[in-house]
Amino acid sequence: MILVVAEQRDQALNRASWEAIAAAQQMAGAWPIAVLALGASVGDVAKQLAQADVAEVLTGEHAALGQYTPDAFTMALKGVIDQKKPAIVVMAHTYQARDFAPMLAARLRVSLITDVIGISGDGASATFTRPMFQGKLTATVRATSSGPAIVTVQIGAFRADAARRGGSPSVSPAEISIDTAAIRQQPEAPFQEAKQAVDLSQAERIVSVGRGIKSQDNLPLAQNLAKAMGAEIAASRPICDSGWLPMERQVGSSGQTVAPRLYVALGISGAIQHVVGMKGSRTIVAINKDADAPIFEVADYGIVGDLFEIVPALTAELQKK
Amino acid sequence: MKIAVCIKQVPTREWQPRLTDDKTWIREQDASFEMNEPDAYALEEALRLREKLSGEVVVCSAGPARVQQVIREALARGADRALHVEDNSLAAADAAMTAEALAAAMGEETFDLVLTGLQSDDQGHAQMGVILAERLGIPHSTIIMEVQVEESRLRVKRELEGGWFQWIAMPLPALLTIQSGINQLRYATLKGIMAAKKKEIKKVPLPGGLKPGQEILSLSSPVRSKQTQMIGGTPADAARELVRRLREEARVL
Chain A
16 MILVVAEQRD
26 QALNRASWEA
36 IAAAQQMAGA
46 WPIAVLALGA
56 SVGDVAKQLA
66 QADVAEVLTG
76 EHAALGQYTP
86 DAFTMALKGV
96 IDQKKPAIVV
106 MAHTYQARDF
116 APMLAARLRV
126 SLITDVIGIS
136 GDGASATFTR
146 PMFQGKLTAT
156 VRATSSGPAI
166 VTVQIGAFRA
176 DAARRGGSPS
186 VSPAEISIDT
196 AAIRQQPEAP
206 FQEAKQAVDL
216 SQAERIVSVG
226 RGIKSQDNLP
236 LAQNLAKAMG
246 AEIAASRPIC
256 DSGWLPMERQ
266 VGSSGQTVAP
276 RLYVALGISG
286 AIQHVVGMKG
296 SRTIVAINKD
306 ADAPIFEVAD
316 YGIVGDLFEI
326 VPALTAELQK
336 K
Chain B
261 MKIAVCIKQV
271 PTREWQPRLT
281 DDKTWIREQD
291 ASFEMNEPDA
301 YALEEALRLR
311 EKLSGEVVVC
321 SAGPARVQQV
331 IREALARGAD
341 RALHVEDNSL
351 AAADAAMTAE
361 ALAAAMGEET
371 FDLVLTGLQS
381 DDQGHAQMGV
391 ILAERLGIPH
401 STIIMEVQVE
411 ESRLRVKREL
421 EGGWFQWIAM
431 PLPALLTIQS
441 GINQLRYATL
451 KGIMAAKKKE
461 IKKVPLPGGL
471 KPGQEILSLS
481 SPVRSKQTQM
491 IGGTPADAAR
501 ELVRRLREEA
511 RVL
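If you read the protein sequences in the order shown, they are chains A and B. Sequential numbering of the first sequence, starting at 16, is according to the working numbering. Sequential numbering of the second sequence, starting at 261, is according to the working numbering.
Isolated chain A, as found in the complex (with noise of 0.2 Å):
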């Protein structure tokens, strides 16, 4: 069988969750999918899922799963995994999960994928591809380990809408053992910061700035071209974090997630974390030096050259009458 474990937050199930499902129904071939979700309270997660064309839907309700902790999930998963014996364990490449599977893997000493954007083939015989080197090369890999292979897919890599629906699987609930004893860490409840001023989820046109931008002193470039377009500016993180932009303005998987009618990325590279944050935008361009960065696999157009000399022209261009 394969397992997909779910994630949820205070009853409100994962998006991502959808993408595992869709990922497991591809990889499946003969084997049956069981669903679990992990929490204090699972019942409203549950049966959302009951809606997935899957056989089963396990909840393991314990209260130390109540607040998520590495310790508590390990425990948790791998009481039902020895149980349950699946041959593959699939989950979404979100941060909770970057934080336990690798722990579980260790434990279960398990092979752990993480980071899949494609599945060849099916059952046992699976092997999967996954983005390295920043995503200038795709790798083709396949699990060595003899146990169940952990996989994590990277978010919007598989469709949700493309989850089959409309099984009737079983809703019944798994065994969990945890050792609170044995949880080192101790979570305080999660908060944002500040509320973000600056809702680039809205903006209808977005101009955003990477690392070939070089310096602060270059950024009036990017915001000339951002009033010429009637844009928002916005940033890729390395400059949010040198401070030449505050915060608020990043996109990508630790910032906003935005889908403006028109994204220009200038600089950009386009490495994942990145790219997830803007890859709905309905027209991307792409304005970069090296002819290979991945940000031109996303692109509808694209640009390749110096951006010190085709910005100035661009906003040139658009101030013309």
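Computed list of lysine-lysine pairs in DSSO-like fashion (alpha-carbon distance at most 27 Å, straight line):
1) B:Lys-471 x A:Lys-99
2) A:Lys-304 x B:Lys-486
3) A:Lys-100 x B:Lys-471
4) A:Lys-242 x A:Lys-229
5) A:Lys-93 x B:Lys-471
6) A:Lys-294 x B:Lys-486
Hints listed in this document are in silico derivations from the structure and should not be mistaken for laboratory results.
With chain A held as given, fit chain B onto it using these hints.
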């Protein structure tokens, strides 16, 4: 406080990939290498903690002889000494194998805190630190934006997705993977570079019998998800053509 920082040497950002004949790894002779950027932030955080709390910072790296370059760089920035698990087979090792190799070498000492970057810019598994914590038998937390040491405890700010954060406390010793941007990096001074030449790099052989968790069957260029229309010409020509297409084809201006 005795702090270990695990660093990796990876190809530079400007490097253009070329593959070996069997297409299962990169042609290393064509690559130039540098310190994995997320690990540089982990090193900086370790140096700042040592300045505040005193103690020592030990750089740990697993790789072939070439990784001495980034070990020396870390020593020049201020780390006190280094452990180098040296073996040619570690050049293409996955996270599981790297973690096992480091755990064997690091397990001979007792570190109060182990830091590393949240992932490497080469294979990018985002697993090594967490597996290492499990093998060392210490708690961990990942994607950390702030570190507070309170006697024998840690309180750390972990980044969640979409602008959310969470504080987590745990006992020492512990392992943290550090988010890039947690601090401003320092660079090596000439004095630091000179001092680094006298610092100890202890070489440790790779223990036998380690197995990777996965095998690379092939490497290839990524498949484009979109048909990108490339626009050439002089900057002025390219600008004019792009604006025309954005107005007339895409209708987004």
